[in-house]
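Colleague: This is what each chain is made of:
There are 2 protein chains.
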Amino acid sequence: MKAEIISTGTEILLGQIINTNSAYLSEKLAELGIDIYFQSTVGDNPKRLAFLLKQALKRSDIVITTGGLGPTVDDITLRTIANTFKRKLIFDKRILFHIKEHFRKRGVEMPPINIRQAYIPEGAVILENRQGTAPGFILEENRKFLIALPGPPSELKPMFEKEVIPFLKSKFGLKEVILTRTIKITGISESAVAEKIEDLLKLKPPLTLGINAHPHEVHLKITAKEKNKKMALVKITKLEKEIKKRLGNCIFGKDKENLEEVLGKLLVKNKKTIAVAESCTGGLIANRITDIPGSSRYFILGIVAYSNQEKIKLLRVPSEILEKYGAVSKEVAEIMAKNIRKIAETDIGIGVTGIAGPKGGSPKKPVGLVYIAISARDKTEVKEYHFLGNRLEIKLKTSQEALDLIRKYLMEK
Amino acid sequence: MKAEIISTGTEILLGQIINTNSAYLSEKLAELGIDIYFQSTVGDNPKRLAFLLKQALKRSDIVITTGGLGPTVDDITLRTIANTFKRKLIFDKRILFHIKEHFRKRGVEMPPINIRQAYIPEGAVILENRQGTAPGFILEENRKFLIALPGPPSELKPMFEKEVIPFLKSKFGLKEVILTRTIKITGISESAVAEKIEDLLKLKPPLTLGINAHPHEVHLKITAKEKNKKMALVKITKLEKEIKKRLGNCIFGKDKENLEEVLGKLLVKNKKTIAVAESCTGGLIANRITDIPGSSRYFILGIVAYSNQEKIKLLRVPSEILEKYGAVSKEVAEIMAKNIRKIAETDIGIGVTGIAGPKGGSPKKPVGLVYIAISARDKTEVKEYHFLGNRLEIKLKTSQEALDLIRKYLMEK
Chain A
5 MKAEIISTGT EILLGQIINT NSAYLSEKLA ELGIDIYFQS TVGDNPKRLA
55 FLLKQALKRS DIVITTGGLG PTVDDITLRT IANTFKRKLI FDKRILFHIK
105 EHFRKRGVEM PPINIRQAYI PEGAVILENR QGTAPGFILE ENRKFLIALP
155 GPPSELKPMF EKEVIPFLKS KFGLKEVILT RTIKITGISE SAVAEKIEDL
205 LKLKPPLTLG INAHPHEVHL KITAKEKNKK MALVKITKLE KEIKKRLGNC
255 IFGKDKENLE EVLGKLLVKN KKTIAVAESC TGGLIANRIT DIPGSSRYFI
305 LGIVAYSNQE KIKLLRVPSE ILEKYGAVSK EVAEIMAKNI RKIAETDIGI
355 GVTGIAGPKG GSPKKPVGLV YIAISARDKT EVKEYHFLGN RLEIKLKTSQ
405 EALDLIRKYL MEK
Chain B
5 MKAEIISTGT EILLGQIINT NSAYLSEKLA ELGIDIYFQS TVGDNPKRLA
55 FLLKQALKRS DIVITTGGLG PTVDDITLRT IANTFKRKLI FDKRILFHIK
105 EHFRKRGVEM PPINIRQAYI PEGAVILENR QGTAPGFILE ENRKFLIALP
155 GPPSELKPMF EKEVIPFLKS KFGLKEVILT RTIKITGISE SAVAEKIEDL
205 LKLKPPLTLG INAHPHEVHL KITAKEKNKK MALVKITKLE KEIKKRLGNC
255 IFGKDKENLE EVLGKLLVKN KKTIAVAESC TGGLIANRIT DIPGSSRYFI
305 LGIVAYSNQE KIKLLRVPSE ILEKYGAVSK EVAEIMAKNI RKIAETDIGI
355 GVTGIAGPKG GSPKKPVGLV YIAISARDKT EVKEYHFLGN RLEIKLKTSQ
405 EALDLIRKYL MEK
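Each protein sequence line maps, in turn, to chains A and B.
Here the working numbering is used: the first residue of the first sequence is 5, the next is one more, and so on.
Here the working numbering is used: the first residue of the second sequence is 5, the next is one more, and so on.
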């Protein structure tokens, strides 16, 4: 089975919006085991769209169009498809009712122009739009399928998932299930990860493993294609176990979890509270921790002591220590962590000091030099880092390492 | 003049990466006044790429390919183009030297496989790659141009700007200059902005105005097409003045400037220092302020007092006030702002308290209720906000309003 995608919209052709729909649809089709050979984009031009439609219907079994279903004159997809398939446009009462309901719920009267969206090509299967007004539809002719979807991703995605996938599965007897699991890793480079699982990366379908580098993280994606969900899960779990055996606690989470979320769960589970004393990260660590709903249960206090004066006054770093070792030093990081823990009366204290750049570096203490300290009743530890990158990257890498240090500390307990 | 873009890469067809190159190239071509009618994507398949190439060369004057110039077996663009144009691949010593230099500078030996990238179709114009190894190239035949560019955006963009644009300008005598300016607005909705400049949005080339909503900002883009830069600038400046007359200090900056950067410049200019006491924003305001290089000149201290206890202890909010009005109140925000200013001995203090959700709201104090206070020697002000959205959106909107309050205060001075 071969599919292709035609995106319509002059905004895409002019580069005013980035085509994320194609990537989304391609990924979903691949998961269904449907091959995609071509993606095309064309402006709001009936002639050129008709050309692409005819070409696509010749070479592919499934053609998906996105966009151009709106009520304005530049929305030409509906009419062009009807013409190409030589179908009349039929007024559909149920669609009009749905559109009117959509406006009524928002407390707005339906603009008369939207009546145009209640027309659908004769014989089409209507795809309900749960997020907007324009319905999608499917036309079948000579065992070829044309699937027309609206352009806004917020409308296209639920329509594809709730209406199109079940249709394709039943129509093409796609009984196989494709399940994926993403394993998330931090604190180790992509090549170091790859080295440890080289053999697994060579696995062939129905069970494969992919590797992707993200900022400061490496993601491994397991994909299993099986007759049913249970069998796929068994295969995934087995491979996941093997990966865990090799990578240990470098793995911090899976699928949609992020590091701050995993850390939050660990803090709640261990009934621990935390406070953070930041310098070079400027509040980023506190900000990431408090991005998690319910973080007030464990996050008590953050101090961003950007000046030496505040390090002395608020964090009670002795001025002799600051003078002797400098603000960016192992010693100062450690005192920051210890003191913030005492000040906030928490179980864990974090102290971070470093040079985020672009200025402020010296040959002895270059940009990217960072000290992160963790202080708990049973443990005090300071680590030295040399991060590369610009100011924002150094801030981000530092926050990532700090969060991961706490995670690892809690894991070892 | 008509152009089209062919993106190659199975990763794009499988939806593993989003095609940002097409949007970039389309925007640049539009700025040059070159029409784009089609964008296509094809996998690493020589037959299908050859098909697209031939089709594109028939209907367009300029065909741009992206990707597939790497050294591995799945990089098929170079060979496919050479075959389509019936040109031999010629070894080029200068390219090999450039590739070797690229590795030498990084202190790495060139893998032998990269020698493949030193071959180029006979008669091609070589496009230098300043960021990577694979050169791009231009082939001309029967007044049609094929421009082959590498896939990574970090390599493609500088190559297009430094090599391709000058080539196209000289080849097609594109003497007109297209200049753009983006005017950035915050604190007012897109529709409210549109209402004030409705007539200007209807302007026709050579001078146009576009409007775009971004998270918590509205951007207006002026585009002028003129015979030379000076004339374009005159037109842009005139329109910008008119917009400023209508929108006043809702405009915070232009082009690549962001709000924290503009604020930083104002603080330096006015020789003012700042400290922030945050609750619901959890460090985000301090983090945004310290994203700007050199912010240590004006940012002194941030306290994230997430618990009431810390508001009392560190920010010296009287417990009676907390009990009487609650932590999320006008009164507490004001004391937070005043006290952080005193504690850090700064010119300006900011106090923020609110309910970011999803939990913690009540009928009287719902999620999204936020108080922001600004305290300076000559001014104390507290504002109440009701923000919509999820936790992260409420945090972001609050930080945006807080930064903008300080900006407006400094503007009025």
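Accuracy of the hints is not assured; some may be wrong.
Pairs involving identical chains hold if they fit within one copy or between any two copies, as the list cannot separate such chains.
Listed below are the simulated DSS-like cross-link pairs for lysine-lysine, each with C-alpha atoms no more than 25 Å apart in a straight line [what the hints assert, rightly or not]: (1) 148 x 369; (2) 109 x 363; (3) 276 x 412; (4) 51 x 62; (5) 109 x 225; (6) 328 x 248; (7) 363 x 276; (8) 276 x 51; (9) 206 x 249; (10) 239 x 417; (11) 188 x 276; (12) 58 x 346; (13) 109 x 369.
Since the hints were made in silico from the structure, they are not lab data.
Colleague: Could you run down the list of hints and mark each one as holding or not?
Modeller: Quick rundown of the hints versus the structure:
no., hint, in the structure
1, 148 x 369, "neither (66 Å within a copy, 56 Å between copies)"
2, 109 x 363, "between (54 Å within a copy, 24 Å between copies)"
3, 276 x 412, "within (14 Å within a copy, 41 Å between copies)"
4, 51 x 62, "both (17 Å within a copy, 17 Å between copies)"
5, 109 x 225, "neither (40 Å within a copy, 34 Å between copies)"
6, 328 x 248, "neither (44 Å within a copy, 52 Å between copies)"
7, 363 x 276, "between (37 Å within a copy, 21 Å between copies)"
8, 276 x 51, "neither (65 Å within a copy, 61 Å between copies)"
9, 206 x 249, "within (18 Å within a copy, 63 Å between copies)"
10, 239 x 417, "neither (31 Å within a copy, 67 Å between copies)"
11, 188 x 276, "within (24 Å within a copy, 44 Å between copies)"
12, 58 x 346, "neither (72 Å within a copy, 72 Å between copies)"
13, 109 x 369, "between (60 Å within a copy, 24 Å between copies)"
Hints 1, 5, 6, 8, 10 and 12 from the list above are not met by this structure, while the remaining hints are.
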